[in-house]
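Build the complex: two chains, separate frames, hints provided.
So the chains spell out like this:
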Amino acid sequence: MNKELKNMKIKKILEKYPYAKTFLEDQQLSIDDQELTISQLYQQLTLEQKEDLGLDIKQLEASLDNYIEQMQEFIGESDDNNTVQSLTILAGKDKDEQAEKFAELKVHAGEIISIVGPTGSGKSRLLADIEWTAQADTPTERSILINGQKPDLSWRFSGGKKLVAQLSQNMNFVMDLGVEEFIRLHAASRLVKNEDEIVARVITEANFLAGEKFSADTQITSLSGGQSRALMIADTAILSRSPIILIDEIENAGIDREKALDLLVGENKIVLMATHDPILALMGDKRIVINNGGIEKIIKTKDFEKELLIKLKKVDNMLSDLRNSLRYGKELTDNPNLTS
Amino acid sequence: MNLVTFSGPPSSGKTAVILKTIDALQNRDIAVGVVKFDCLYTDDDRLYEKAGIPVKKGLSGSLCPDHYFVSNIEEVVQWGLANDLDLLITESAGLCNRCSPYIKDIKAICVIDNLSGINTPKKIGPMLKTADIVIITKGDIVSQAEREVFASRVMTVNPRAMVMHVNGLTGQGAFEFSTLLYDDELNIETVKGKQLRFSMPSAMCSYCLGETRIGEEHQLGNVRKINLGDQNE
Numbered sequence: 001m002n003k004e005l006k007n008m009k010i011k012k013i014l015e016k017y018p019y020a021k022t023f024l025e026d027q028q029l030s031i032d033d034q035e036l037t038i039s040q041l042y043q044q045l046t047l048e049q050k051e052d053l054g055l056d057i058k059q060l061e062a063s064l065d066n067y068i069e070q071m072q073e074f075i076g077e078s079d080d081n082n083t084v085q086s087l088t089i090l091a092g093k094d095k096d097e098q099a100e101k102f103a104e105l106k107v108h109a110g111e112i113i114s115i116v117g118p119t120g121s122g123k124s125r126l127l128a129d130i131e132w133t134a135q136a137d138t139p140t141e142r143s144i145l146i147n148g149q150k151p152d153l154s155w156r157f158s159g160g161k162k163l164v165a166q167l168s169q170n171m172n173f174v175m176d177l178g179v180e181e182f183i184r185l186h187a188a189s190r191l192v193k194n195e196d197e198i199v200a201r202v203i204t205e206a207n208f209l210a211g212e213k214f215s216a217d218t219q220i221t222s223l224s225g226g227q228s229r230a231l232m233i234a235d236t237a238i239l240s241r242s243p244i245i246l247i248d249e250i251e252n253a254g255i256d257r258e259k260a261l262d263l264l265v266g267e268n269k270i271v272l273m274a275t276h277d278p279i280l281a282l283m284g285d286k287r288i289v290i291n292n293g294g295i296e297k298i299i300k301t302k303d304f305e306k307e308l309l310i311k312l313k314k315v316d317n318m319l320s321d322l323r324n325s326l327r328y329g330k331e332l333t334d335n336p337n338l339t340s
Numbered sequence: 001m002n003l004v005t006f007s008g009p010p011s012s013g014k015t016a017v018i019l020k021t022i023d024a025l026q027n028r029d030i031a032v033g034v035v036k037f038d039c040l041y042t043d044d045d046r047l048y049e050k051a052g053i054p055v056k057k058g059l060s061g062s063l064c065p066d067h068y069f070v071s072n073i074e075e076v077v078q079w080g081l082a083n084d085l086d087l088l089i090t091e092s093a094g095l096c097n098r099c100s101p102y103i104k105d106i107k108a109i110c111v112i113d114n115l116s117g118i119n120t121p122k123k124i125g126p127m128l129k130t131a132d133i134v135i136i137t138k139g140d141i142v143s144q145a146e147r148e149v150f151a152s153r154v155m156t157v158n159p160r161a162m163v164m165h166v167n168g169l170t171g172q173g174a175f176e177f178s179t180l181l182y183d184d185e186l187n188i189e190t191v192k193g194k195q196l197r198f199s200m201p202s203a204m205c206s207y208c209l210g211e212t213r214i215g216e217e218h219q220l221g222n223v224r225k226i227n228l229g230d231q232n233e
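Chains as they are written, first to last, in my numbering: chain A, 1 to 340; chain B, 1 to 233.
So that you can see chain B by itself, here it is in the shape it has in the complex (with noise of 0.2 Å):
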């Protein structure tokens, strides 16, 4: 079985370009199955459930979702060849722009928007940085000056990615990016022992263990404070 990890900031149309790219797959009688993370809700399961695609979601509640992620991802591993899947394609929600849930040697996608900006691509982090495709959508609405400029900010942050337009709601660009998904060769069994290809946000101070009280005498563990100085941070 195949694993490829999808990840994107919230709305940007992982889910559409998704569903778009597993019917591509599907005509190549690949069978495909979709694991979702989020955090307190999505009904994405169901659109895939409508498409007839194998899926299972998993909800963070109050964890990190990314580290959710990790502590799932082997177990999830093990669903998709129990289902006699070719492919299974993670989807998880970049929610601080700086999670990034790509493992070493298994295929990392990142699908941004057009419409979030051109100074987006600098504010994510090894989400965009370290994807190995990077899937622009919503190019179909904006000039094809800002989608120049859009693309070519991407490629100064991840310079070695290669850069995809595809549409979601039309499919345009689909099928090409599914012939880059599957590959015979990289078939895996397990992702135990693997890393991941950046070390998660650290975070562990008074708050993650539930403290509600503002204030310095408050604050333990990992804090980091603001500078409010001449110079900004």
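This is chain A alone, in the form it adopts within the complex (with noise of 0.2 Å):
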């Protein structure tokens, strides 16, 4: 511990660090008496007390000052030096050893990225490259950069700081909470100044997503799918801290998925996003196609395929349209475009 935070009194470093509460909190220390030092709190516990915490001095003393240390970086990320603008991948090789078909591949905040493959060709690992921002000490020899350069080690050993956020269809709440505190929760963890104001805006956002609305005291385990879907994209979207969010396809139910992409790229993320269906993936200002666990080639959306896009999304209007008559009950009318 250093030695300035040793002879503080608890006082003093509450003044100076508030958020070493939720510690000492956390650690179930009583702070009452709040003119001792963290040394002399610890002496007056009880023996019990003392198996209690699981913890000696020494261990308690290095704990807060790591504590305070992480948390200081945390809340001295100003949005300038944290901001990823870009992230570039730099080609390794396939299962057969041989090189990937491309040298590299820069990706800008703001720009959707599909990938594409069959399962098991190796997305998952392009993904776990680019988390752990590999430095050819991969399987596949990758490199990543961030900005341009190579990146901070801290992206890889910060249990607070990481590069990628996940959306998968698999994903459920498992809280007993109602939506509003959820979200409070996790705007908490986050140390957020302006906690109403954002978690406000996080809960409007999901609803502007969400074919059916709900109410900020709905518990989060009984939204629908869509509702779900929508609340962890608005979230997010808005309270992650991650610079690139990766999506798992998107179900289209329930659900504004063009809006969904719009909040993220409007909040400057990078989005990559593993999908075989044809509007999602035309969404997308590039696609990387994944074969035999090597890039295989990245393709440029084409003009004609954002007309077929625009195609497919009326389509979609269509079918969506049919499954809200169904869902409030009415007959279903034949519609001239689908019998051509």
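No wet-lab data here; the hints were simulated from the structure. Take the hints with a grain of salt, since some may be wrong.
What the hints assert, rightly or not - Just so you have them, the derived chain A footprint on chain B, three or more residues with Cβ under 8 Å:
(1) 129 to 142
(2) 148 to 160
(3) 170 to 177
Ideal Cβ placement from N, Cα and C applies to all residues, glycine included.
Shown next as structure tokens:
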């Protein structure tokens, strides 16, 4: 523990580092007498309390030290120095040790990249390389650059600082909380300043994405699939610290997928999307084709594909109108566009 | 030989994580063996066997599993050396969330899962608080928000640890984790003379000695009473 902290009374520590309160509370230490130093506080514990704490004085001091250091770093990250403006993938090799057929791929904040390829082709490995900021030290020997430079090691080793946030089809809410309570919990763990405002925004955006609206006091476990997905996306876009979002398919039910992507891109995230749904895949600026463990090619979305996308969206809207009609008990009428 | 101790609540995914990690280690030609500690029953040894990994299991029976661990760890280390292992992994379940078999200067890994609830990190004692690396599993089935909140709770109770997500089913993250496990510099010949990171629970009361009758007159030794007054314990 650094000397300054060692001699500081708890009162002073809390004045200087207000968040240390959470640490002490989570260690179940009483902070009623704030005139003590940490080691005096420890001395006052009974043998049983010391046992329950599960740390000796050295470990406790070192823990607090580390906690404060990490939190200072966390808070000190101004938006400027933490912004990921670009991600670069430098080619490695495929499962047969053949060099990948591209040199480098640079993706900028606000871009959407689709990833396609059969199961087992190496999509997860690519993602893992990005997450681990590989430096030719993974089986593919790819390297990852952030803002054009070799990334800081803290992307690998820091618990709260993860490069990639994930949204996948299998994910569910497991906590038994209301929507607002839940988002507040997430906001609190991020130490956001304008909590009320941000929490309200997440809920508004989620409702904007969801087909069926929900209120702030709905239990998260009782949200529909579409509503859950909408809340997860809005929350990740606004509250997640990770600059890169990986989406593993978004089911086309109860959620406006285009608005969802707009929201993520609007928050300056890099969006990687593993999908074989033509509408989603064509919403990407480029798509990466993966085969046999390597990137086989990178296809820029062509103009005629974008035109096709417009037609596909029409079909998609038609289907979702029919779905809504069913939901509200209407009879379905023939659509002239269907019989051509 | 390197020694690494794994520990974590039951069903948190320790065996799955270890299996996937060994996969990655074997690709680097590192000879890995496992000793599994449990209480009454385990068939995890068969999973290791099936994967061709040298394995032994130790069941503590009616004894506290972590006391059993410390009483046997030196023999286990000698078994690993005799089998020419490069890396010996011990796996034990932290059954009361209080125990921790971690040894000073021996790498300690705690495995916990996202489904256990966000207050769980607070409930786990030295097993989580004094670990060097905390592996969080089952991240593929909960929301990103829950993952982030859970990781931040872990970080609050153990700010010194490196926190990683590993998926025991798909193996995502296992390769990366495996790169942190073996170190040429950390070879040992024995653990004799080394110390535990934290004392094990002291429970030496009449019930430890076989008492079955209930009532204050039968309680001797280290007895602690619940506080049923206004203040909750």
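Verification of the supplied hints:
no., hint, in the structure
1, 129 to 142, "holds (count 7)"
2, 148 to 160, "holds (count 12)"
3, 170 to 177, "holds (count 5)"
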